[in-house]
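Asks: If you want the building blocks of each chain, they are given just below.
Protein chains: 2
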Amino acid sequence: MTERSVVHATFVIDRVYEATPARVFRAFSNSEIRHRWFVRSENWPRAEYSYDFRVGGQERGDFSPDGKMNIINETTYWDIVPDARIIFAYAMYIDGNRISVSVATVEIKPDPKGAKLTYTEQGAFLDGYDFPAQREQGCRELYDLHLAKELAREDAAA
Amino acid sequence: MTERSVVHATFVIDRVYEATPARVFRAFSNSEIRHRWFVRSENWPRAEYSYDFRVGGQERGDFSPDGKMNIINETTYWDIVPDARIIFAYAMYIDGNRISVSVATVEIKPDPKGAKLTYTEQGAFLDGYDFPAQREQGCRELYDLHLAKELAREDAAA
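Which chain is which? The protein sequence lines are A and B, in order. So for the first sequence, this note's numbering puts the first residue at 398; every next one is plus one. So for the second sequence, this note's numbering puts the first residue at 398; every next one is plus one.
If you are wondering where the hints come from, they were derived from the structure by calculation, not from laboratory data. Quick caveat: nothing in here was measured; it's all calculated off a predicted structure. Treat the hints with care, as some may be off.
[Said to hold, decoys possible] Selected chain A positions facing chain B (in silico; Cβ < 10 angstroms):
#, residue
1, Ser-447
2, Asn-470
3, Thr-473
4, Tyr-487
5, Ala-488
6, Asp-492
[As the list claims (entries may be wrong)] To list a few chain A residues with every Cβ distance to chain B over 10 angstroms, as calculated:
#, residue
7, Glu-415
8, Glu-429
9, His-432
10, Arg-433
11, Val-436
12, Arg-437
13, Ala-444
14, Glu-445
15, Tyr-446
16, Asp-459
17, Ser-461
18, Trp-475
19, Ser-499
20, Gly-511
21, Tyr-526
[Claimed, not checked] Derived list of chain A stretches under chain B, where covered just means 3 residues or more per stretch with a C-beta under 8 angstroms from a C-beta of chain B:
#, region
22, 401-411
23, 518-524
Cβ coordinates follow ideal geometry from the N, Cα and C atoms, glycine included.
Given these sequences and hints, build the entire structure.
Replies: Given below as structure tokens:
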């Protein structure tokens, strides 16, 4: 059996987008848009995904970056304030091992340039499988790169 | 509409019990014992309660301390390591307002006196309805008073 351990950590990511709060919120609430930047942005060979965006609803992704390693993301939505706030709890699994359980808050506020998103993750990182710095790096890619690209894409299409 | 706000906070409560780790864990895993110290200890006039202690299982309490104010606790269990660790996410509601969403870790470790329980709550406290210090106080009563009393009771009965 693995040595059991828990590292608790909180990290915060701020990002301003040139988009209205409503458009940033829609990138979460619209399943097609969410799927594009959250699931398909990495072009992984396997990505099974289901999404039910409502309080009490669940999101589940079953991914493999290389056809071998298995990554599972299980999310439950706990709080949704349209155009303003989303709170979800999620667990991550790698190759069947539960590596973390977190609560994450997405706050969206008007900003002179458009909208400011603040992502706060409060996580329990388990048994040495994952570390806060690594998770923060992954989340930064998600918001700085993939969501930014998605909102620029929508902007170009508008 | 209420002014929207989020206060993120983490607090930790340590407590040593004169009981084995297995007995402390059983106070969570056994629904009859859990019901006694978690639900009925306050002798509130209304306490509806359901409990399904397994990974993915839910716990729900619908309480009233005075027959007027309504308190709802909704919990999902995310991680269970027998005799050692329990991680759950939970939301609290007062009179229909969601006041918090938290992830909580209970770690149980052997101690020279019996078992040391470490409770770590990482919470998002919402819209000014609740505050970390108040929640911490409530949790301290739960572990310092009610669970301690329950374990002493079991000890006397043994």
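Asks: Work down the list of hints and note, for each, if the structure agrees.
Replies: Hint check:
With a cut of 10 angstroms, the hint placing Ser-447(A) at the interface with chain B is violated, because the nearest CB-to-CB distance is about 15 angstroms. With a least beta-carbon distance of about 13 angstroms to chain B, the hint placing Asn-470(A) at the interface is violated under the 10 angstroms criterion. Of the supplied interface hints, the one on Thr-473(A) holds, with its beta-carbon coming within about 6 angstroms of a beta-carbon of chain B, less than 10 angstroms. The restraint placing Tyr-487(A) at the interface with chain B holds, with a minimum CB-CB distance near 9 angstroms, inside the 10 angstroms limit.
Because the beta carbon of Ala-488(A) sits about 5 angstroms from the nearest beta carbon in chain B, less than 10 angstroms, this interface hint is met. Contact between Asp-492(A) and chain B, as hinted, is not supported at the beta carbon level, the nearest pair being about 16 angstroms apart and thus beyond 10 angstroms. The Cβ of Glu-415(A) sits about 23 angstroms from the closest Cβ of chain B, beyond the 10 angstroms cut-off, so the non-interface label holds. The Cβ of Glu-429(A) lies farther than 10 angstroms from every Cβ of chain B, with a closest approach of about 27 angstroms, so its non-interface assignment holds.
Once the 10 angstroms rule is applied to beta carbons, His-432(A) is consistent with being away from chain B; the minimum gap is 24 angstroms. The Cβ of Arg-433(A) sits about 27 angstroms from the closest Cβ of chain B, beyond the 10 angstroms cut-off, so the non-interface label holds. Distance check on Val-436(A): its Cβ is at least 22 angstroms (rounded) from any Cβ of chain B, clearing the 10 angstroms threshold; non-interface status holds. Non-interface call for Arg-437(A) relative to chain B: holds, since the shortest CB-CB distance, roughly 26 angstroms, exceeds 10 angstroms.
Every Cβ of chain B is farther than 10 angstroms from the Cβ of Ala-444(A); the closest lies at roughly 22 angstroms, confirming the non-interface assignment. Consistency note on Glu-445(A): stated as away from chain B, and its beta-carbon is indeed over 10 angstroms from all of that chain's, at 18 angstroms minimum. Separation of Tyr-446(A) from chain B is adequate, the least Cβ-Cβ distance of about 19 angstroms exceeding the 10 angstroms criterion. The Cβ of Asp-459(A) lies farther than 10 angstroms from every Cβ of chain B, with a closest approach of about 16 angstroms, so its non-interface assignment holds.
The beta carbon of Ser-461(A) is kept farther than 10 angstroms from every beta carbon of chain B, the shortest such distance being approximately 23 angstroms. For Trp-475(A), the non-interface assignment is contradicted: its Cβ lies about 4 angstroms from the closest Cβ of chain B, within the 10 angstroms cut-off. The beta carbon of Ser-499(A) is not kept farther than 10 angstroms from every beta carbon of chain B, the shortest such distance being approximately 6 angstroms. With a least beta-carbon separation of about 19 angstroms from chain B, Gly-511(A) lies farther than 10 angstroms from that chain, consistent with its non-interface assignment.
With a minimum CB-CB distance of about 12 angstroms to chain B, Tyr-526(A) clears the 10 angstroms threshold, and the non-interface call stands. Coverage of the region 401-411 of chain A by chain B holds [criterion: at least 3 residues with CB-CB distance below 8 angstroms; count 4]. Counting residues of the region 518-524 of chain A whose beta carbon lies closer than 8 angstroms to any beta carbon of chain B gives 4, which reaches the threshold of three, so the coverage claim holds.
In summary, the structure is inconsistent with hints 1, 2, 6, 18 and 19 from the numbered list given earlier, while agreeing with the others.
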